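Chains as they are written, first to last, in the numbering used here: chain A, 1 to 143; chain B, 1 to 143.
The hints are simulated quantities; they were obtained by calculation from the structure and are not laboratory data.
These numbers were taken from a predicted model, which means no experiment stands behind them.
Heads up, a few of these hints could be off.
Note that identical chains are pooled: a pair holds if it fits in a single copy or bridges any two copies.
Claimed, not checked - Keeping only pairs whose Cα atoms sit at most 30 Å apart, straight-line, the calculated BS3-like set for lysine-lysine is:
| hint | residue 1 | residue 2 |
| --- | --- | --- |
| 1 | LYS140 | LYS119 |
| 2 | LYS112 | LYS97 |
| 3 | LYS142 | LYS21 |
2 protein chains.
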Amino acid sequence: MFTDEYYMKMALQQAQIAFEKEEVPIGCVIVSNDRILAKTHNLTETLNDVTAHAEMQAITSAANYLGGKYLQNCTMYVTLEPCVMCSGALIWSQISKVVIGARDEQRGFINKHLNLHPKTEIVVGVMEHECSVIVKEFFKNKR
Amino acid sequence: MFTDEYYMKMALQQAQIAFEKEEVPIGCVIVSNDRILAKTHNLTETLNDVTAHAEMQAITSAANYLGGKYLQNCTMYVTLEPCVMCSGALIWSQISKVVIGARDEQRGFINKHLNLHPKTEIVVGVMEHECSVIVKEFFKNKR
Numbered sequence: 001m002f003t004d005e006y007y008m009k010m011a012l013q014q015a016q017i018a019f020e021k022e023e024v025p026i027g028c029v030i031v032s033n034d035r036i037l038a039k040t041h042n043l044t045e046t047l048n049d050v051t052a053h054a055e056m057q058a059i060t061s062a063a064n065y066l067g068g069k070y071l072q073n074c075t076m077y078v079t080l081e082p083c084v085m086c087s088g089a090l091i092w093s094q095i096s097k098v099v100i101g102a103r104d105e106q107r108g109f110i111n112k113h114l115n116l117h118p119k120t121e122i123v124v125g126v127m128e129h130e131c132s133v134i135v136k137e138f139f140k141n142k143r
Numbered sequence: 001m002f003t004d005e006y007y008m009k010m011a012l013q014q015a016q017i018a019f020e021k022e023e024v025p026i027g028c029v030i031v032s033n034d035r036i037l038a039k040t041h042n043l044t045e046t047l048n049d050v051t052a053h054a055e056m057q058a059i060t061s062a063a064n065y066l067g068g069k070y071l072q073n074c075t076m077y078v079t080l081e082p083c084v085m086c087s088g089a090l091i092w093s094q095i096s097k098v099v100i101g102a103r104d105e106q107r108g109f110i111n112k113h114l115n116l117h118p119k120t121e122i123v124v125g126v127m128e129h130e131c132s133v134i135v136k137e138f139f140k141n142k143r
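Looking at chain A on its own, in the form it has when it is part of the complex (with noise of 0.2 Å):
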């Protein structure tokens, strides 16, 4: 049941509801041993803040619930692949493993041939379809 694609869908929707914001639509979720840390989305416009990405609140705020800045045996759940600053945040946080939903060819950390924690599994692509609508639906609708 708690498949990785149970987890991006919890993703999936934190991205929705950041579309209903007028929020670039990106979800993120962090899990340990099937116990949700963290579920968040883009804040940038509401925060007035560049750093406000789903990636970094949930870093943060799973840190938090923990006790402790490492996040060792947890998986981030994110729709969008990260960009530098969460890429660098995630290298930072020694994550253990890292779900990407869609490509961001441009603004990825992947071809600017950044690498995270030695330590973390990275898989992509799980639901990338709906995760890459979702964010062109939303860029359609802005223009």
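Starting from the known structure of chain A, arrange chain B on it as the hints suggest.
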């Protein structure tokens, strides 16, 4: 009077406050038209949060002060070269100028072949010696 050295000294005072809290001693100041918008220091240990670098707090704080997320006409003074995470945040902020004290060859963004925003001017090496010594002193005490 309001030279780069003047503001870097202020950033160094912030690094000193971090040192006294047993935080990696890095300090940061953001200035716009000789108005100080933010003075921050690294708080990753105190807040149990890998994202609580001096630069991240300063970007959030300055944007809050300005009531907008872009840091146009702003200069950041930071005692140590920003990491991947902080350089990513600086890109999003479109800040006008970043003045760096000492290089961080291992963790800094420059050796990762990352660029800041095309609009951002970068100055490296203001009070380099003092900015470097405080970090070395900190890690010497830790061993």
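Hint check results:
1. LYS140 / LYS119: Between copies only: 27 Å across, 38 Å inside.
2. LYS112 / LYS97: both (20 Å within a copy, 23 Å between copies)
3. LYS142 / LYS21: For LYS142 and LYS21, the Cα distance is within 30 Å only inside one copy (13 Å; across copies 46 Å).
Comparing the model with each numbered hint stated earlier shows that all of them hold.
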